[in-house]
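K.L.:
In case you want the letters, here they are:
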Amino acid sequence: MGAIKITTPLSDETILSLKTGDEVLISGTIYTARDQAHFRLVKLIEDNKPLPFDLQGQIIYYVGPTPEKPGEIIGSAGPTTSYRMDKYAPILIKNGLKGMIGKGKRSAEVKEAIKKYKAVYFGAIGGAGALISKTIKSSKVIAYDDLLSEAVRRLTVENFPAIVVNDVYGGDLYEEGRKKYENKYNNIAV
Amino acid sequence: MRVIASEEISNAVKNLIINSSVNLPEDTYKSLKQASEKEISESGKTVLNQILLNASIAKTELKPLCQDTGLAVFFVEVGKDVAVGGKNLTDAINDGTRAGYAEGFLRKSTCDPLSRKNIGDNTPAIIHYDINDGDKIKIMYAAKGGGSENMSRLKMMRPSDGKDGVIDFVVETMREAGPNPCPPNIIGVGIGGNFERSAVIAKKALFRKLGAKNDDPELAEMESIIFEKVNNIGTGPMGFGGICTALGIHIIKEPCHIASFPVAVNIECHSHRHSEIII
Chain A
1 MGAIKITTPL SDETILSLKT GDEVLISGTI YTARDQAHFR LVKLIEDNKP
51 LPFDLQGQII YYVGPTPEKP GEIIGSAGPT TSYRMDKYAP ILIKNGLKGM
101 IGKGKRSAEV KEAIKKYKAV YFGAIGGAGA LISKTIKSSK VIAYDDLLSE
151 AVRRLTVENF PAIVVNDVYG GDLYEEGRKK YENKYNNIAV
Chain B
1 MRVIASEEIS NAVKNLIINS SVNLPEDTYK SLKQASEKEI SESGKTVLNQ
51 ILLNASIAKT ELKPLCQDTG LAVFFVEVGK DVAVGGKNLT DAINDGTRAG
101 YAEGFLRKST CDPLSRKNIG DNTPAIIHYD INDGDKIKIM YAAKGGGSEN
151 MSRLKMMRPS DGKDGVIDFV VETMREAGPN PCPPNIIGVG IGGNFERSAV
201 IAKKALFRKL GAKNDDPELA EMESIIFEKV NNIGTGPMGF GGICTALGIH
251 IIKEPCHIAS FPVAVNIECH SHRHSEIII
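Chains as they are written, first to last, in my numbering: chain A, 1 to 190; chain B, 1 to 279.
Since the hints were made in silico from the structure, they are not lab data. Hints may be right or wrong, so weigh each one.
[As the list claims (entries may be wrong)] Cβ-Cβ distance ranges computed for the label pairs, FRET-style: (1) A:E158 with B:M156: 27 to 35 Å; (2) B:N194 with A:E46: 55 to 63 Å; (3) A:K87 with B:A259: 33 to 41 Å.
[To be verified] Here are the computed lysine-lysine pairs in the DSS-like style, where the Cα-Cα straight-line distance is at most 25 Å: (4) A:K179 with B:K45; (5) A:K19 with A:K140; (6) B:K253 with A:K87; (7) B:K117 with B:K138.
Using N, Cα and C, we set each Cβ at its ideal position, and we do this for glycine too.
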């Protein structure tokens, strides 16, 4: 089965159609944020202040790229480990965030928020930053430039490759994938 | 006494850093290639092929393999008959680190641990020194990413836990790490020494060439037992399921206190960037 093409902002219809293990190609606008940016965004929500961008239907990509060389759109730009954002993600999801791209396991609270508010968590390939950067067509820092690589950027992506890890139905690719291949090494080795 | 100018050292360090960021070492590439042929999971195979493709893009376009260009970690062996002229060796290495991360357009990832404010130039480097014979300086460099480092563990075990205890601890560490440290991983294990020494030798173990056998037959046997167990966990490339979770297990042991049994597990991601130079 080929990859499913999806565009941002994500509609509930798109989210309901995505299942754990689906390969997707994402196009449209996405936003970047890591640890410190999440801390600040959540603080703004708690203080009832406006965010630097509208969260409704959007995807946040957990990434801190390398600096772009002259003439480049962006440097190397692969995903960072997502669990560090687990403390903040449910608050953003509750306030309209629909998608997250990162790598690694999510907490029970994040998975619960994904189900409750209809969102999705995508896994991208860690350590493939040069490859992924080719799908990024524009990049602009829109907030927190003091955070350097951790600043919030607005990216335009075309066919950004990812895989659905946690879907709205409670699926978890990391658990399912691991169970499927548990003790399989012995069968092929020797 | 041979004298090496500190600028020569800084320059060598700078070049090591810039080259490492875009060139996956041959042993790592070969090991990933073998894994891609062995992997039975479809998504695992796809991931490994993308990682190999990423390596060729990085090399031809001089774009960093991974956006996490690491903390700069060095193991330095200094001959007793060599001196450094100009700045001291630590400053020379930090100068080279600063220049390498700036001129290579690499990410600066060092920050204050409490305020989280970025230092801005990726210093200070983490440097471990050994003194040996001769009049040369050997500098081994690794760009150590945060994702895999965060999943690493250290345990002061009981001597009665024995070899099996070590094996279980490594396997459990890898099971718990799951997809987080960007598998397939290289796993450095330090057995013995004391609290901090076990961690240092676990890190040093990562520098052994992938695929090279441990000289100590007892450790070699432990490595193959752990290798099989870790690859049976099912985590697979990027955790999407599969039989290639570890590319290699490298163990170093050192004598320890009669009351202690320290064991450290240092996990390294598949973007295993390491290189060395002898000056």
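K.L.:
Hints broken by the structure, by number, lowest first?
P.N.:
Numbers 1, 2, 5, 6 and 7 - these are the hints that the structure violates, sorted from lowest upward.
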